[in-house]
Each structure stands twice: as C-alpha cells, then as structure tokens.
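K.L.:
Sequence:
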Amino acid sequence: MAVLFICTGNICRSPMAEAFARALGIEAASAGTWAVQGGPATGPAIAAMAEIGIDLTDHRARPLDDVINEPWDAVFGMTREHVDAVVRAGAEADLLHPLGVPIEDPYGLSIEVYRRVRDEISAAVDERLRT
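End of the sequence shown = 197 in the numbering used here, gap-free, step of one.
What the hints contain is simulated information worked out from the structure, not anything from laboratory work. Everything hinted at is true.
Label-pair distances were calculated between CB atoms; the ranges are:
#1 Ala68 with Asp124: 17 to 25 Å
#2 Gly174 with Ala116: 15 to 23 Å
#3 Glu170 with Thr123: 18 to 26 Å
Just so you know, even glycine gets a beta-carbon here, dropped at the ideal spot from N, CA and C.
Generate coordinates for the entire structure from the input sequences, incorporating the hints supplied.
P.N.:
Printed below as a string of structure tokens:
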C-alpha cells in the first residue's frame with residue numbers, strides 16, 4: 067500500500083502523518099499545497115516527534131504537483147481545502163480524520179499545540195491504516 071498525506075506547507079502535519087504511516091510499515095510520502103521545495107520541517111514539529119522517538123530532521127518539503135500523479139492507493143488531506151486541491155489535480159482524496167473534521171494547523175503556535183496535533187494525527191493514521 068502506498069499512501070500520500072497532504073497539508074499546506076509540508077512542514078508540520080503531513081510529515082508527521084507520513085512518519086506515523088512508515089512506523090506501521092506502510093509506504094508513505096507527504097506534500098503540500100503551498101510547499102516550498104526542500105524546506106525543512108518546523109523546529110516544533112521536529113521536537114514534538116522527537117519526544118516520541120521519531121526523527122523528522124531529514125524531512126524536506128515537496129509541492130503537491132510533484133507527487134500527485136504517482137500511483138497512490140490512498141491520499142489524505144488534513145483539511146477540506148487540501149482534499150479539494152487534490153481533486154482539482156485530478157486525483158481522489160479523503161480527510162485524514164476518520165470523523166471528517168479538519169486537523170488544526172500548528173504552524174506558529176506553541177509546542178503544546180504541536181503535541182496535541184501530533185497525537186490527533188497519530189490516532190487518525192492508526193484508525194485509517196491499521197488492518
């Protein structure tokens with residue numbers, strides 16, 4: 067199974083989701099609707115994931131357009147806007163959160179928000195991908 071996760075900058079939420087999917091043994095990638103090619107994950111994202119033993123220091127952002135035409139078994143967006151961007155690009159996508167609610171963007175917010183978002187993403191990836 068190959069899964070793609072989408073957020074805005076590909077520097078907070080989608081890299082976290084990608085890392086959680088990989089921890090489950092699933093082929094995963096991430097991208098952003100407004101990503102700057104090669105940008106690193108944010109410091110708080112790296113720190114929040116390091117607290118649970120996951121290293122995001124090598125992550126580099128990629129734009130959605132660079133990866134959307136690859137053969138994905140599933141594509142998940144963090145918000146309705148991300149899902150809509152995937153659909154406009156000609157692919158199918160679902161919201162990552164199983165209840166269909168958006169996952170908050172922690173960019174520029176406190177480490178506590180990053181931790182909460184990390185845990186929400188972890189639970190959503192688990193529910194969506196664990197078989």
